[in-house]
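Numbering of the sequence shown is given in my numbering, commencing with residue 1 and proceeding in unit increments.
It is worth saying that the hints were derived from the structure and are not from the lab. A virtual CB, placed ideally from N, CA and C, is assigned to each residue, including glycine. Warning: the hint list may mix true and false statements.
Claimed, not checked - Mimicking DSS-like on lysine-lysine, the simulated pairs with C-alpha atoms at most 27 Å apart in a straight line are:
#	residue 1	residue 2
1	Lys24	Lys55
2	Lys152	Lys26
3	Lys24	Lys133
4	Lys71	Lys55
5	Lys55	Lys26
6	Lys95	Lys133
Claimed, not checked - Ranges between beta-carbon positions, derived for each pair:
#	residue 1	residue 2	range
7	Ser110	Asp35	26 to 36 Å
8	Leu86	Tyr32	33 to 43 Å
9	Leu149	Pro113	21 to 31 Å
10	Ala159	Lys26	53 to 63 Å
11	Asp35	Asp112	41 to 51 Å
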Amino acid sequence: MAKTVLSKAATAKVAVSAKPVGQKRKPSKPSYVLDDQIGFMLRQVWQRHATIFAKEIGINLTPTQWAALAKLTETGPCSQNQLGRLTAMDVATIKGVIDRLTARGLTETSPDPDDGRRLLVSLTRAGQTLAEKAAPHALAISKETLAPLDAKERETFIALLSKLR
């Protein structure tokens, strides 16, 4: 029967590379940690805000529908394209929003007197009434979203977000 004899160097190599059973290596911190990224944090804040919005708006409106109604209240009639730009919605999104609001009788379209190729979107009487009814709820939603911050932090946060737009 032959014995296997290892040299001192081979024995040392085996000893260094062997890990005790059950011992795990502590991973090094990755260069990209999702929880530290602004986009991820903003998405989490948006999800919290959307939950508050759904609970508190008091009427059957999505945030994008409310944005369209609120902006039309501010600006009066405008083209669908302009409304999309003013509410930061792409062409397909604003079209769907206006189609749904029009189907509910909250908005209507009419030819632009200055450009017959363009339609103007405006609030109906029902849309105006609904926007007036929802406005206090929308203000309360903003207040609740910012509630974890003190007054100075809210002011700073809003100013910083404004710089990032």
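Numbers of unmet hints, in rising order: 1, 2, 3, 5, 7, 9 and 10
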